[in-house]
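Assembling the complex is the task here: the two chains are given apart, and the hints tell you how they should meet.
From first to last, the protein sequence lines stand for chains B and W.
Under my numbering, think of the first position of the first sequence as 1, with each following residue one higher.
Under my numbering, think of the first position of the second sequence as 1, with each following residue one higher.
Since the hints were made in silico from the structure, they are not lab data.
Watch out, some of these pointers could steer you wrong.
To be verified - Now the stretches of chain B that chain W is said to cover, found in silico as 3 or more residues with beta-carbon under 8 Å:
hint, segment
1, 127-138
2, 142-149
3, 231-242
4, 263-271
Ideal Cβ placement from N, Cα and C applies to all residues, glycine included.
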Amino acid sequence: MSTSTMIVKIPSGHDGPANPFRVITRAVATIWSVPKARIGVALLLLFVILAVFAPLIAPYSATENTFGRSEDMSADHWLGTTAAGQDVLSQIIYGARVSVFVGFTAGLLSTIIAVLIGLSWGYLRGFAAEVINFVVNLFLVIPALPLMIVIAAYLQNGGIGMIVLVVVITGWAWGARVLRSQTQSLRSRDFVTAAVFSGESPARIVFREILPNMTSLIVGSFFGASTAAILAEAGLEFLGLGDSTTVSWGTMLFWAQNSNALLTGQWVLLFAPGLCISLLATSMSLINFGVDGLSNPRLREGSKR
Amino acid sequence: MRYLLSKVGLLLLTLWAAVTLNFLLPRLMPGSPADAAIAKLAQNGPVSPSTRAAIEAQLGVPTGSAWDQYLQYLNNVVHFDFGVSYTFFPQSVASLVGTALPWTLVLVGFVTIVAFVCGTLLGVLAAWKRGTWLDTLPTVGGTFASAFPYFWTALLLLFFLGYVAGWFPTSGAYGSAATPEFSGPFLLDALYHSILPATTILITSLGGWILGMRSTMINTLGDDYVTFAEANGLRPRTVAIRYAARNAILPNLTSFGLALGGVVGGSLLVERVFSYPGVGYLLYTAVVNQDFPLMQALFLIITISVLLANFIVDILYGILDPRTRR
Chain B
1 MSTSTMIVKI PSGHDGPANP FRVITRAVAT IWSVPKARIG VALLLLFVIL AVFAPLIAPY
61 SATENTFGRS EDMSADHWLG TTAAGQDVLS QIIYGARVSV FVGFTAGLLS TIIAVLIGLS
121 WGYLRGFAAE VINFVVNLFL VIPALPLMIV IAAYLQNGGI GMIVLVVVIT GWAWGARVLR
181 SQTQSLRSRD FVTAAVFSGE SPARIVFREI LPNMTSLIVG SFFGASTAAI LAEAGLEFLG
241 LGDSTTVSWG TMLFWAQNSN ALLTGQWVLL FAPGLCISLL ATSMSLINFG VDGLSNPRLR
301 EGSKR
Chain W
1 MRYLLSKVGL LLLTLWAAVT LNFLLPRLMP GSPADAAIAK LAQNGPVSPS TRAAIEAQLG
61 VPTGSAWDQY LQYLNNVVHF DFGVSYTFFP QSVASLVGTA LPWTLVLVGF VTIVAFVCGT
121 LLGVLAAWKR GTWLDTLPTV GGTFASAFPY FWTALLLLFF LGYVAGWFPT SGAYGSAATP
181 EFSGPFLLDA LYHSILPATT ILITSLGGWI LGMRSTMINT LGDDYVTFAE ANGLRPRTVA
241 IRYAARNAIL PNLTSFGLAL GGVVGGSLLV ERVFSYPGVG YLLYTAVVNQ DFPLMQALFL
301 IITISVLLAN FIVDILYGIL DPRTRR
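Bound conformation, chain W alone (with noise of 0.2 Å):
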């Protein structure tokens, strides 16, 4: 119980310090988003002080001491109200991500799910055939390809998997015709529309996984317990799972909070290339289109989806190991 109480406590130290870097970012930034805007429209013709004065106030350009703008903005926060978009003027910024979060989570989480699996089995195997084409082939692959750029791989897919053959669909998360629904067609498209995005987060995390894990396996296979269950004449394949595996799973799991964040990050690329509705896609939009409440928001709502998935594992984490709990 105290456990869960200290990483409950963390967990909120550690929003409150994302939300408050939040506010600080674009205030340690020079410019304002008042001034971008009014930069934009200065492209176009001079700017009338009387148009300044109306960008000003719609774009509210923040007044009062620093300290009321904080509090004031820890109270949008919590409201999730972090004002009107200006490029899809008049949606708010909150039901705009509320459309394109569900894309992303289902996507990353599920994929990332099934790298984890995969990656720590294949690395549990390269540990355990050391020196075998078993090792070899997961290993340097899975080096080379966690080195190539997400976007990079997307691409590739998109272009020879997409163009070329023209087994999937190039763009977007379900049929043009289609509208979101919970039917089945619905989902059946949605699910082909996001085979190459999925393949291609696959493909570039699962290397991680096979390494990480090999490397704890290799570290663990020394043990002396290992050793002492093998001369007890233990079958191989009870000592590597059962006996090596199982330890070696734990360091792994600390990671994964970690990777989760590149992997997050590779995906926003990945949903640029296939066009996928998504959060990434949307903070390329608000970038740009220097969208600076939109992005900010994103920015928020990412930071916190990831500071939430390293906490379920923390807690998991002290399930699955006693010793943590202490």
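Looking at chain B on its own, in the form it has when it is part of the complex (with noise of 0.2 Å):
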């Protein structure tokens, strides 16, 4: 075999460094070309919005509470006041900031964790792999709400900061195992061996050969984290388990719950802030639809099997 067959046959990435604002567009029109992701994007667009100009759009403060309680939806209060008396509207638009902030938040700190354990166990061999690889099963396998939990009950009303640290604690495994996978089958691929014998050290083939083929997959694992974080966030302050004096969508159906708006009949209480949550958390899954065929050319829709 002669040399310039040798370089033709080695993925695209590895002539010279990937250029990361080239990267990023192209996978970006990648995501966009799927029809799903196309809508993803543009609900989470929708909502990054909400939350960035929260006190623009909505019409009230959300912690006003001098208005009529538990009122039905009129043309002051489109969607009803709270049991406190509270805008449920504005509740809903400052709400996005805590999911949005907690959901990118504690999704991209689960993902940096995946990615530096993930891609350096399936690089090791040997014992400390063996050691790595107990630590994350135990971390996938033990069930994570009931430790999110137990560990919020012991953090006394932390606020926001502590369900982001308790979401990265049991979150980061996940992704982990998958890119630890991915590497597992990069590091036998011939680009790697020439790296090895070109005499890189480990950490640059590592970080600078192997990750950038992975991109679609750490975005991958970063919404699947991200949406993971939202709906526990919403899941531990419903139960009142965060700081229940902040204006979030978990907590508005906390007090939804606590204020029997089901006997009340409010049911835009409860149905609104849940929706929220779901579209959120939707329109993350929808993105990952178009991350998927990043990766994997066989789930690109419109391919034929």
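This is the structure we're talking about:
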């Protein structure tokens, strides 16, 4: 085999450092080409805009409680008021801030841990890999929500910071496992062998050679972790384990159940926050349909099997 | 046999790790149970040193080295001795857990199996009829439904079918007049009460199975032996079920155990909404009342149940797929 054919066989990601900007635009274009993912991107963008510009969009302050109590929908209060006399629509808009913040922060932190552990674990062999294997499997198999509940119960009313921490502790293992198996399959490829023979350090091989090939998986595990974080945050706050004075969709449901919105028939109080949580979580799952297509052409929409 | 032995060894190691984690958790956290109880009392007035000493003695403030505590703890766990509940004093934690566990086991166990079977079948159908409405409807519906928070689905069902329509009971696992016994009327009553919680868990967990099965099935459909079977002119249904689905189901089975943890977590929230007297509702009660012995024991029991379920799935996987036994 001549040298020139060798070079042709090496994946394009290897010739020179990848331009991060080009990688991102190409990834966005691939995601955008999938109709389902397009809906997801639009939805997510909508919630991010709501969160960022909440003070401009919301008709009232989220904590202003000077209105009539438990009012039905009206021109002044499109979604009615809570039992404490707050405007429901304003609370929904401000609530987007907590969910978007927790989703992105916890998702990002979980993904960073998952990348660090998943990649080094996939590249390592021997006893160290066995130990990490055991720890990751343990975290995967321990039911996450009960663990979160227990930790949150010990760290009394810790607020959003505590919730992010708890979600990250329980949320990194899944991504680590997915990234690890991909690292393992990549490390036996020719371009990695070539890098080893050219004398690159293990750290450089893992993060400069292998990592760029897994962009889609990393993006996928970010959105997966964010979805889980948003649902977990809402669940913990619904149980009253967060700071119940924060205005978020989870605490809105907590107060709705505690003020017997079920009995008074104010179904909007239950319906609206839950729908927002679902839509935000769905938007991320929908984006993941496009991300799947990055790594697995068979999952690309429109391609025949 | 070696496969079985290695799995048993792994199970024992994992059980030990879970038990140890349960031991470490409260000790890594700031504060102590006795402090929490005293803080609660202090809200009503100052706590005298003698009261404090009494509480510390009663709640068993740990004495001795960490190692001695650990051995003592292991000994207690082996004998199912989890101490006394603060909330339901003087009932023991073990007896409380014993009453709550069957409700959750039956509810979650039954619904999970139904969801797995239905979801897998729908996933096969979606992959086989790719691009048609039989694919789009379950895929998009499943994605959306699995993004529903468990407690939200529960609240909506409770409100519309429980309160507004009045078709189903709104709380509990059996009528207030009934006492738990093995009789026809009681079992029917319990079944009636479990419909809403079960439907909630089914709706929310179904989507994951559909999507998982669909994606493994699509991968399998691209394999050479499927193309070969088609080229041989076998009936499409035979190719889909006997060739593709049969092999696609295996990877899906491994995710069964992992998904179970999520379903158990979700069922905790569902039990809270319906005041269903299972492990989840008890855990909620324990957390609200800062009943740490009860909380720790429940966390341990939930974890061990999930570990055992995973172990059974692993063994089943070994039987179904001879390659893993090598």
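*In ascending order, which of the hints set out earlier in this document are inconsistent with the structure?*
Failing hints: none at all.
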